[in-house]
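Asks: Between the sequences and the hints, there should be enough to build the whole structure, so can you do that?
For what it's worth, UniProt numbering labels the leading residue of the sequence shown as 1, then goes sequentially.
Just so you know, these hints were derived from the structure itself, not from any lab. Among the clues, some could well be false.
[Stated by the list, open to error] Capping the alpha-carbon separation at 30 Å, the derived lysine-lysine pairs in BS3-like fashion look like this:
no.	residue 1	residue 2
1	Lys71	Lys210
2	Lys164	Lys210
3	Lys83	Lys31
[Said to hold, decoys possible] Ranges of calculated distance between the beta carbons of each label pair, as one might list FRET restraints:
no.	residue 1	residue 2	range
4	Lys198	Gly18	23 to 33 Å
5	Leu12	Asp225	35 to 45 Å
6	Asp225	Asn56	25 to 35 Å
7	Pro140	Ala13	44 to 54 Å
8	Lys7	Gly135	37 to 47 Å
9	Asn56	Asn35	37 to 47 Å
10	Gly122	Val207	38 to 48 Å
11	Arg19	Met147	45 to 55 Å
12	Glu89	Ser64	12 to 22 Å
13	Gly122	Phe38	39 to 49 Å
14	Lys6	Lys141	43 to 53 Å
15	Asp183	Pro81	41 to 51 Å
16	Gly122	Ala13	55 to 65 Å
It should be emphasised that the depicted structure is a prediction, and the values quoted were computed from it without experimental measurement. Note that CB positions come from ideal geometry on N, CA and C, so glycine has one too.
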Amino acid sequence: MARLTKKKKEALAKIEKGRIYSITEASALVKEISNAKFDASVDIAVRLGVDPRKANQMVRGVVSLPHGTGKDVKVLALVTPDKEAEAKEAGADYVGLDEYLDKIKSGWTDVDVIITMPSVMGKLGPLGRVLGPRGLMPNPKTGTVTMDIAKAVTEVKAGKIDFKVDKTGIVHAAIGKASFSADKIEGNANELLTTLMKLKPTASKGVYVKSIFMSSTMSPSIAVDPKIG
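Replies: Structure, rendered in structure tokens:
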């Protein structure tokens, strides 16, 4: 068994064993137990009562966090020449088409989000094996395949994230940084949870939100009251 460090023991001591915290309490506590030497990410993990193996119980969506992610999101806009100026003005970090497709073929994936146009998707198909496992393949459902390139880039830069239930039935999402105020962490968490509630599949029976845990990078997790909405 791994030995607990002094900082880990101190963090665990601040979490009351067996207690279920409210979102408000957890948002404040996660800041107290974050002792990384860098600005740690604050993450939330929500276990859902769904069977993701069934198409009618898949939960996937997008949410615009009101206080952003705290992360400088690197955006690649794969667009035709007539859309390049629009993408650059909106703040895309990389803009172009064929030269970036060639770079991706060579293994380059140093971006967080790729935004493109419907007419370009055909060229991205062969790159699915590279982009898919990294969660970089654009998708109309998440707003990353669109003709309104400027809007898509602006939203992603401002804190729009997409999420998807994994094969174990859990949705993981980064909702901010430990340097955020507790109010901002709470606001982002509530926005994500409210969005999740709206996405409950009609085929999902019984308890929908089974458990919620909040944590920061390298910190213990805090059990949050799953009775929401």
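Asks: So, for every hint listed, does it hold in this structure?
Replies: Status of each hint after checking the structure:
Taking the CA atoms of Lys71 and Lys210, the gap is near 29 Å; set against the 30 Å cutoff, the hint holds. Straight-line distance between C-alpha atoms of Lys164 and Lys210 comes to about 16 Å, which keeps the hinted pair within the 30 Å bound. Among the hinted pairs, Lys83 with Lys31 is inconsistent with the structure: their alpha-carbon atoms are about 42 Å apart, more than 30 Å. At about 31 Å, the CB distance of Lys198 to Gly18 agrees with the hint of 23 to 33 Å.
The hinted window of 35 to 45 Å between Leu12 and Asp225 is violated, with their beta carbons roughly 20 Å apart. With their beta carbons about 28 Å apart, Asp225 and Asn56 fall inside the hinted range of 25 to 35 Å. Remark: the range hint 44 to 54 Å for Pro140 to Ala13 is upheld by a beta-carbon distance near 48 Å. A C-beta distance of roughly 31 Å is found between Lys7 and Gly135, which places it outside the suggested range of 37 to 47 Å.
Evaluation of the 37 to 47 Å hint for Asn56 and Asn35 yields a pass: the beta carbon distance comes to about 43 Å. At about 42 Å, the CB distance of Gly122 to Val207 agrees with the hint of 38 to 48 Å. Roughly 50 Å separates the CB atoms of Arg19 and Met147, a value that falls within the hinted 45 to 55 Å. The hinted range of 12 to 22 Å is satisfied by Glu89 and Ser64, whose Cβ atoms lie roughly 20 Å apart.
At about 41 Å, the beta-carbon gap between Gly122 and Phe38 stays in the expected band of 39 to 49 Å. The supplied range of 43 to 53 Å is met by Lys6 and Lys141, whose beta-carbon atoms lie about 46 Å from each other. Between Asp183 and Pro81 the beta carbon distance is about 44 Å. The supplied range of 41 to 51 Å therefore holds. Taking 55 to 65 Å as the suggested C-beta distance range, the pair Gly122 and Ala13 conforms, at roughly 56 Å.
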